[in-house]
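S.K.: Each chain, letter by letter, is given below.
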Amino acid sequence: SQKIEQNSEALNIQEGKTATLTCNYTNYSPAYLQWYRQDPGRGPVFLLLIRENEKEKRKERLKVTFDTTLKQSLFHITASQPADSATYLCALLPSGTYKYIFGTGTRLKVLA
Amino acid sequence: EAEVAQSPRYKITEKSQAVAFWCDPISGHATLYWYRQILGQGPELLVQFQDESVVDDSQLPKDRFSAERLKGVDSTLKIQPAELGDSAMYLCASSLELAGAGADTQYFGPGTRLTVL
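Just so you know, the protein sequences line up as chains Y and A, in that order.
If you count by our numbering, then the first sequence holds residues 1 to 112, one letter each, in order.
If you count by our numbering, then the second sequence holds residues 1 to 117, one letter each, in order.
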């Protein structure tokens, strides 16, 4: 079956450290993969998009990698801050489709 | 900065009643999405419009849910009758074009939190 999996357990890290979140998928041939941030009671906010032929994308303190062999994307936040605490969602666009499939999200808590 | 508007923000209803949600996308955005998000899960696409046409409604429970975007601008999602299992956050999003066309960023509204008693 087709699945997109993110760690359902919350990730707690100390301020200043690098947070690394994982998005694994099975039985999809992806075209694009996106990462979103969602705060409680609010809609997701787009962060980054990476294409299947790209290995890495960066934006300020954020970095996304995409390994289509491992069927995995990693999302890194460097020099993390308490304001980075939120749920982070990955969303995959299968090739030949118009519909993004979202993972369940991982809750990140950055401790001061 | 332009935003996606949704109303109401919160809705409490009894089962078997009808409910309706409204969404106004960012001006100029051709693609509009309705998602349902159950607490602790990711958003699940219910219906996707390109202008006034439905592109995908494969996950929309058509026996009780309906959606329209008559003039290709704002949209309404209706549930009739509501069931206990419909309690969730209903999110509307819009993008410039269909996913995969290069302008893939989806801009989400604040959502409507539905509680069915």
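Read the hints as simulated data drawn from the structure, not as lab findings.
Be aware that a few hints might be false.
As the list claims (entries may be wrong) - Here's a subset of chain A near chain Y, in silico, CB distances under 8 Å, partners left out:
| hint | residue |
| --- | --- |
| 1 | A2 |
| 2 | Q41 |
| 3 | G42 |
| 4 | P43 |
| 5 | P81 |
| 6 | A88 |
| 7 | L91 |
| 8 | Q106 |
| 9 | G109 |
| 10 | T115 |
What the hints assert, rightly or not - To spell it out: a stretch of chain Y is covered by chain A in this simulated footprint if at least three of its residues, at any positions, have a beta carbon under 8 Å from a beta carbon of chain A; those stretches are:
| hint | stretch |
| --- | --- |
| 11 | 18-30 |
| 12 | 72-79 |
| 13 | 89-99 |
As the structure is a prediction and not an experimental result, all values here were calculated from the model.
We put the CB at the ideal spot given by N, CA and C, even for glycine.
S.K.: Now tell me, hint by hint, if it's right for this structure.
M.R.: We went through each hint and held it up to the structure:
1. A2: Constraint on A2 of chain A not satisfied, violated at 14 Å.
2. Q41: Where the cut-off is 8 Å and the nearest Cβ of chain Y is about 5 Å from Q41 of chain A, the hint holds.
3. G42: Holds - the Cβ of G42 of chain A comes within 8 Å of chain Y, reaching about 3 Å at its closest.
4. P43: 5 Å, holds
5. P81: With a closest approach of 26 Å, the P81 of chain A hint is violated.
6. A88: Hint on A88 of chain A: violated, closest Cβ of chain Y at ~13 Å, above 8 Å.
7. L91: 5 Å, holds
8. Q106: At about 6 Å, which falls below the 8 Å cut-off, the nearest Cβ of chain Y leaves the hint on Q106 of chain A intact, so it holds.
9. G109: 5 Å, holds
10. T115: The hint is violated - T115 of chain A has no Cβ within 8 Å of chain Y, the shortest such distance being about 13 Å.
11. 18-30: It is violated: at least three residues are needed, and the stretch 18-30 of chain Y offers just 0 whose Cβ sits closer than 8 Å to chain A.
12. 72-79: It is violated, with 0 qualifying residues against the three required.
13. 89-99: Since three or more residues must qualify, the claim that chain A covers the stretch 89-99 of chain Y holds, with 6 doing so at under 8 Å.
Hints 1, 5, 6, 10, 11, 12 from the earlier list are contradicted by this structure; the remaining hints agree with it.
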